Amino acid sequence: MSVLPFPSFLDDVKEKGLKKAVFELVDESVERLTAGLNIQDIREAMRGEPASRKPNPRLQPHADGFWLHMRPSYFHADMTGLYPEFRLGWLSTYLVFFETITGILLMVWYTPSPEIAYSNMLAIQSTIPLGQLMRDLHRLGAEAMVLIVSLHMARTFFTGSYKKPRQFTWFTGLLLLAITGFLSFSGYLLPWDQLALWAVTIGASMIEATPPQIVGDNLNLLLRGGPDIGANGILRFYLLHVLALPALLFVFTGVHYYKVIVHGHSLPPKKENIGEDTAKRVPLDKRVYFTPDVLTSELMWIGVTTLIFVVLCIWFYDAPLELHADPQVTPLGTTAPWYFLWIQGALKLGDKVFFGIIFPTIILGVLAVWPYLDVTPSRRFADRRFAITFFLALISFITCLSYMGLAKFGVETSPDTEILHELLYPPQHSHVGALLPIPYEQLVPGMYITRQVEGDPADGANIVAAFNQEIAQPYTGTINSPAIVTGAANAKTTVGDGLLDVVTDQKLAVSAVSFKEVPSDAPELLHVLHLFDEDIEANTNYLVNGWGAIIITQNQNNLKRADLVISWNEVQVEGGKPKLDASGKPILALDANGNPIVRYKTDHVFIHKDALYFGH
Amino acid sequence: MFERMLVGKIENRITVGLISLVLIMVFLGWAAINEGGRMQAFQQMESARSIEQGAMLFAANCTTCHGLDGRGLAGKAPGLNNPMLFGHDFYPDVTKQISNLTGEKKTLTDEKNAAGTTDARKTEIDARVTEIDTTITGLDAKRTADTKLAVDKGYNPTDVSYSRLLEVGWSGTLDSFILTTLIHGRPVSSNYWPQAMPAWSQTAGGPLRQDQLENIVAYIKNWDKGDNWTLDDLYAVNQFPILPEDAGPIREQLRQAIANGGTVPQPVGTDVKAIAAEVAKLTGDPAKGEQLYHAAAPATLTGQNLPCTGCHQQAANGVGPMTNGTYTRVVNERLKEPQFAGYTPEEYLIDSIVNPADYIVPGFQNVMVPNLGTEVLNAQDLADILAYLKTENQ
Numbered sequence: 069m070s071v072l073p074f075p076s077f078l079d080d081v082k083e084k085g086l087k088k089a090v091f092e093l094v095d096e097s098v099e100r101l102t103a104g105l106n107i108q109d110i111r112e113a114m115r116g117e118p119a120s121r122k123p124n125p126r127l128q129p130h131a132d133g134f135w136l137h138m139r140p141s142y143f144h145a146d147m148t149g150l151y152p153e154f155r156l157g158w159l160s161t162y163l164v165f166f167e168t169i170t171g172i173l174l175m176v177w178y179t180p181s182p183e184i185a186y187s188n189m190l191a192i193q194s195t196i197p198l199g200q201l202m203r204d205l206h207r208l209g210a211e212a213m214v215l216i217v218s219l220h221m222a223r224t225f226f227t228g229s230y231k232k233p234r235q236f237t238w239f240t241g242l243l244l245l246a247i248t249g250f251l252s253f254s255g256y257l258l259p260w261d262q263l264a265l266w267a268v269t270i271g272a273s274m275i276e277a278t279p280p281q282i283v284g285d286n287l288n289l290l291l292r293g294g295p296d297i298g299a300n301g302i303l304r305f306y307l308l309h310v311l312a313l314p315a316l317l318f319v320f321t322g323v324h325y326y327k328v329i330v331h332g333h334s335l336p337p338k339k340e341n342i343g344e345d346t347a348k349r350v351p352l353d354k355r356v357y358f359t360p361d362v363l364t365s366e367l368m369w370i371g372v373t374t375l376i377f378v379v380l381c382i383w384f385y386d387a388p389l390e391l392h393a394d395p396q397v398t399p400l401g402t403t404a405p406w407y408f409l410w411i412q413g414a415l416k417l418g419d420k421v422f423f424g425i426i427f428p429t430i431i432l433g434v435l436a437v438w439p440y441l442d443v444t445p446s447r448r449f450a451d452r453r454f455a456i457t458f459f460l461a462l463i464s465f466i467t468c469l470s471y472m473g474l475a476k477f478g479v480e481t482s483p484d485t486e487i488l489h490e491l492l493y494p495p496q497h498s499h500v501g502a503l504l505p506i507p508y509e510q511l512v513p514g515m516y517i518t519r520q521v522e523g524d525p526a527d528g529a530n531i532v533a534a535f536n537q538e539i540a541q542p543y544t545g546t547i548n549s550p551a552i553v554t555g556a557a558n559a560k561t562t563v564g565d566g567l568l569d570v571v572t573d574q575k576l577a578v579s580a581v582s583f584k585e586v587p588s589d590a591p592e593l594l595h596v597l598h599l600f601d602e603d604i605e606a607n608t609n610y611l612v613n614g615w616g617a618i619i620i621t622q623n624q625n626n627l628k629r630a631d632l633v634i635s636w637n638e639v640q641v642e643g644g645k646p647k648l649d650a651s652g653k654p655i656l657a658l659d660a661n662g663n664p665i666v667r668y669k670t671d672h673v674f675i676h677k678d679a680l681y682f683g684h
Numbered sequence: 116m117f118e119r120m121l122v123g124k125i126e127n128r129i130t131v132g133l134i135s136l137v138l139i140m141v142f143l144g145w146a147a148i149n150e151g152g153r154m155q156a157f158q159q160m161e162s163a164r165s166i167e168q169g170a171m172l173f174a175a176n177c178t179t180c181h182g183l184d185g186r187g188l189a190g191k192a193p194g195l196n197n198p199m200l201f202g203h204d205f206y207p208d209v210t211k212q213i214s215n216l217t218g219e220k221k222t223l224t225d226e227k228n229a230a231g232t233t234d235a236r237k238t239e240i241d242a243r244v245t246e247i248d249t250t251i252t253g254l255d256a257k258r259t260a261d262t263k264l265a266v267d268k269g270y271n272p273t274d275v276s277y278s279r280l281l282e283v284g285w286s287g288t289l290d291s292f293i294l295t296t297l298i299h300g301r302p303v304s305s306n307y308w309p310q311a312m313p314a315w316s317q318t319a320g321g322p323l324r325q326d327q328l329e330n331i332v333a334y335i336k337n338w339d340k341g342d343n344w345t346l347d348d349l350y351a352v353n354q355f356p357i358l359p360e361d362a363g364p365i366r367e368q369l370r371q372a373i374a375n376g377g378t379v380p381q382p383v384g385t386d387v388k389a390i391a392a393e394v395a396k397l398t399g400d401p402a403k404g405e406q407l408y409h410a411a412a413p414a415t416l417t418g419q420n421l422p423c424t425g426c427h428q429q430a431a432n433g434v435g436p437m438t439n440g441t442y443t444r445v446v447n448e449r450l451k452e453p454q455f456a457g458y459t460p461e462e463y464l465i466d467s468i469v470n471p472a473d474y475i476v477p478g479f480q481n482v483m484v485p486n487l488g489t490e491v492l493n494a495q496d497l498a499d500i501l502a503y504l505k506t507e508n509q
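These protein sequence lines map, in sequence, to chains S and R.
Converting from the first sequence to the working numbering requires adding 68 to each position, the first position being numbered 1.
Converting from the second sequence to the working numbering requires adding 115 to each position, the first position being numbered 1.
Simulated from the structure, these hints should not be mistaken for lab results.
There's no promise every hint is true.
In silico DSS-like pairs for lysine-lysine, Cα to Cα no more than 27 Å straight-line [stated by the list, open to error]: (1) K124/R / K348/S; (2) K263/R / K124/R; (3) K338/S / K257/R; (4) K420/S / K476/S; (5) K211/R / K263/R; (6) K336/R / K677/S; (7) K232/S / K354/S; (8) K268/R / K340/R; (9) K451/R / K505/R; (10) K403/R / K339/S; (11) K388/R / K451/R; (12) K584/S / K669/S; (13) K403/R / K340/R; (14) K237/R / K220/R; (15) K220/R / K257/R; (16) K354/S / K122/S; (17) K677/S / K340/R; (18) K354/S / K124/R; (19) K237/R / K122/S; (20) K396/R / K237/R; (21) K268/R / K336/R; (22) K575/S / K268/R; (23) K647/S / K476/S; (24) K340/R / K263/R; (25) K677/S / K647/S; (26) K575/S / K677/S; (27) K340/R / K575/S; (28) K336/R / K575/S.
A few chain R residues facing chain S, derived, Cβ under 7 Å [as the list claims (entries may be wrong)]: (29) Q159; (30) N337; (31) G341.
Chain S stretches covered by chain R per the calculated footprint, using a threshold of three residues with CB under 8 Å from any CB of chain R [said to hold, decoys possible]: (32) 379-391; (33) 624-631.
Source: prediction; values computed, not measured.
Positions of the beta carbon are idealized from the N, C-alpha and C atoms, including for glycine.
Given only the sequences and the hints, what does the whole structure look like? Please build it.
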């Protein structure tokens, strides 16, 4: 007899034998853990058989357990297919957990400080096994989450599921969308690379526009932790990202789920009579129980989604990491993250306060109160022409604005700057300037000129020789190179000397200008020379008599330097565009003596043998 | 059909889910197996890009003093593309031999000083020590003669001076030596270079971030050729680093001069007319002046070489006006300026040397050292330099 006041396990063993006693112990433990299902119940459920005991034990976890009390115990049969939900809500929830787990793993290796955040990123990618995969998964999951939550909202709108009694569910959903956006956005800054710094700087400057000025200024100060984003700013974004916003997200996810329990899933519109809401009155023959049908379906979708992410991240997707953040250097073509591009596009329409703050607030406000304004009872498509038209128009509008938010829209950069950037820019996402991926051995030291590719390929040597002679002729007009502009005594007298002066000013060690043909074993270099030439040809209104030079020098062992120079005759400019004469030709700007002004623009990069700049 | 297959039957759902799970595990395993190679490739790529970034920064910030090829500028700043920085010993056998001999000498000296050593043994030891000293001197002389082209530019092949780190007694790594120098600059170097090396790190009030400094270190270290340095590399260096000289001997000379009733040489000051009068009493030696100007002989007062050629080079590409034709330009151009009415060419030159900020030739910046008149030059040195500059009249 046990010393305890109740029979012990040993008593059971004595009474029933070891095998039976152990089985009963396990069975009982499983039933406690699942809040109602014993082993037999689980086996039946997994086999798709009806429950053998009554009352149905599969409902018990919904009543007694924590996890399933958040889920309805049965669904309407019409709700369990792909349509109408496309599993978007479930996938959104799954991504919250997916992001939390990958995020916590990344937190282990991350310190929110401008001094080390970037080297943390490099360490995650280079010395921590599977670190890069974790980061890729986290980043891809974040972008997918914004997309999936948005789609979930669109679906809810199209099926009219926001209508009474689910207005508040819609509202919490809208909050969740906003939180998701800000979560993704706050995570953007953390790698502390150029992409992060400038995308967030653009975003934060919108907040600065909040009227009145004193509010905007202080909001901006609170968020950035100073006039510019620095040590305080990155810490604040980090805390928002890992504490404040997730906390809000979990709270509102709870509310959102609770509302689904209370109101049930709204049926496809045509399955109900107009004005009826039968979600909570599911006929017995239409009931699909959560365990096992919906549960297996949801687990399956988790598996499939994770598989897709893993495959994408291993073979197709790398989270971007650009150069170290540098507040002094604004990269050309900076944009906000894609989901905020529409605001950036709107900003190009005019006033910062109206289009940056008031306009997005209006859109979110209209969406928030929409269920309370749209009180028509019918959820059928045919009866909701205005609402659906409105929403489609909104989507089109946002899409157009997003397009306008792209760097190429409405931002004028002078063609010379644009061309050099096109050929030399450091890696951004999966793109890189055209010159950088040239194989190292094809970067043959020498000077190359775009004139070579303008004529007959067979005649290249003569063209280059003729050009060498041309630029060695004394030039009577003005040459706008650094030494002349600064008025030093050693003024240049030929176009070639001007070129030499321009690159020498950039600390290039060359003593004479002598162009040569691109060697036949450097086809990639020739290809870039073609691109360079086409870019200049495409801007003949601005770059009159323009030519481009590529100068490649060996700087160190395994390190080459490539200098690009564009030279052209300056034209008269009016309102940012070249002034044209009656025949449509640009009018040259002339110096005091009536001669054309030769201008130069140059930029350079260094390319190491092992730098491996892949593809475009 | 797709929907019915996947969602309709529970066994299909379980199968699809399980297959997904297994595939995830397989792919993660595959990624894990390849991770070592991937990480290595990433590191290689990253260090390559770090060198590229360092190259950009070096070109923009460092080449003005250390030269476009990193080999230094004579009289201005030492070469970094330099076997000495990387501690390459061109004569390892000799170094080892000398080290052995020095060790033997120490043992013998200890034995000689020990109690109970017989006089006969002491004589024997003295003879051997003399022999060792001669051998070492001979070996050093040979190394010095063999590397004459570099020695003329300040290279010292003897002792441990083949390595900059050993020479200055740096106990840290080469990385830390370069990085620390970059962070804080070289404040005292203004004693022997025309200008101090500025602090480059933001933490020290300079313009660059830590990661940028590390990129520059990576770039500088990329010059290292390991065992493949050649003497030609050594000869190509334009300027070797300077080990600050011990001021003791000069102080001792002065002390003795005073004790013997002599006078302490005084710097010329900054009063142009007074200096001109004093210099006029002396005879300038153009050959000595040329040596002073080109840092081949030390200034009398300081015992240090003058920094003139750091900026004023023979040809046109210096930081200051070129040396060639100085006198001609003074006479034909400068003295035509209204503010120099009544100046003699000597007075103009003296003024430019002792009050460098008074007038800057157009196109140049005021970077000249201000202490030449107040601390460095005495009247005779100045007279010699003027005599030399007068020969630059082509």
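A quick look at each hint next to the structure:
1. Restraint check: the Cα-Cα separation between K124/R and K348/S comes to about 25 Å, which is no more than 27 Å; the hinted pair holds.
2. A threshold of 27 Å between alpha carbons decides the hint, and for K263/R with K124/R the separation of about 90 Å lies outside it, so the pair is violated.
3. For the suggested pair K338/S and K257/R, the alpha carbons sit about 103 Å apart, so the restraint of at most 27 Å is broken.
4. Taken as a hint, the K420/S and K476/S pair is honoured in the structure, with Cα atoms around 20 Å apart against an allowance of 27 Å.
5. In summary, the hint linking K211/R to K263/R is supported, as the alpha carbons are separated by about 21 Å, within the 27 Å threshold.
6. A distance of roughly 16 Å separates the Cα atoms of K336/R and K677/S; the hinted pair therefore holds under the 27 Å criterion.
7. Taking the CA atoms of K232/S and K354/S, the gap is about 23 Å. The hint holds against a cut of 27 Å.
8. For the hint pairing K268/R with K340/R, the CA-to-CA distance comes to about 21 Å; that is within 27 Å, so the pair holds.
9. Pair hint K451/R plus K505/R holds up; C-alpha atoms about 18 Å apart against a cutoff of 27 Å.
10. Between the alpha carbons of K403/R and K339/S the distance comes to roughly 109 Å, so the proposed pair goes past 27 Å and is violated.
11. Only pairs whose Cα atoms come within 27 Å are accepted, and K388/R paired with K451/R is accepted, the gap being roughly 19 Å.
12. Note on K584/S and K669/S: the hinted pairing holds, with a Cα-Cα distance of about 21 Å set against a maximum of 27 Å.
13. For the hint linking K403/R to K340/R, the alpha-carbon distance of about 39 Å lies beyond 27 Å, and the restraint is violated.
14. At roughly 13 Å between alpha-carbon atoms, K237/R and K220/R fall within 27 Å of each other, so this suggested pair holds.
15. Proposed proximity of K220/R and K257/R is supported: the alpha carbons are some 21 Å apart, at most 27 Å.
16. Restraint check for K354/S and K122/S: satisfied, since their Cα atoms lie roughly 20 Å apart, inside the 27 Å limit.
17. Distance hint between K677/S and K340/R is fulfilled; the C-alpha atoms sit about 16 Å from each other, no more than 27 Å.
18. With a C-alpha separation of about 16 Å, the suggested pairing of K354/S with K124/R holds against the 27 Å cut-off.
19. For the hint linking K237/R to K122/S, the alpha-carbon distance of about 114 Å lies beyond 27 Å, and the restraint is violated.
20. As the CA atoms of K396/R and K237/R are separated by approximately 59 Å, the hinted pair breaks the 27 Å bound.
21. A distance of roughly 23 Å separates the Cα atoms of K268/R and K336/R; the hinted pair therefore holds under the 27 Å criterion.
22. As the CA atoms of K575/S and K268/R are separated by approximately 24 Å, the hinted pair is consistent with the 27 Å bound.
23. For a cut-off of 27 Å, the pair hint linking K647/S to K476/S stands: about 22 Å separates their Cα positions.
24. Between K340/R and K263/R the alpha-carbon distance is near 22 Å, which keeps this suggested pair within the 27 Å criterion.
25. Distance restraint check for K677/S and K647/S: the Cα-Cα separation of roughly 45 Å exceeds the 27 Å cut-off, and the hinted pair is therefore not satisfied.
26. A distance of roughly 22 Å separates the Cα atoms of K575/S and K677/S; the hinted pair therefore holds under the 27 Å criterion.
27. Taking the CA atoms of K340/R and K575/S, the gap is about 24 Å. The hint holds against a cut of 27 Å.
28. Between K336/R and K575/S the alpha-carbon distance is near 20 Å, which keeps this suggested pair within the 27 Å criterion.
29. Below 7 Å, beta-carbon pairs count as interface contacts, and Q159/R has one with chain S at about 5 Å; its hint therefore holds.
30. Taking 7 Å as the C-beta contact cut-off toward chain S, the hint placing N337/R at the interface holds, the least distance being around 5 Å.
31. Because the smallest distance between the Cβ of G341/R and any Cβ of chain S comes to about 10 Å, over 7 Å, the interface hint for this residue is violated.
32. Only when three residues or more bring their CB closer than 8 Å to a CB of chain R does the claim for the region 379-391 of chain S stand; here the count is 3, and the claim holds.
33. Counting residues of the region 624-631 of chain S whose beta-carbon sits less than 8 Å from any beta-carbon of chain R gives 5, enough to reach three: the coverage restraint holds.
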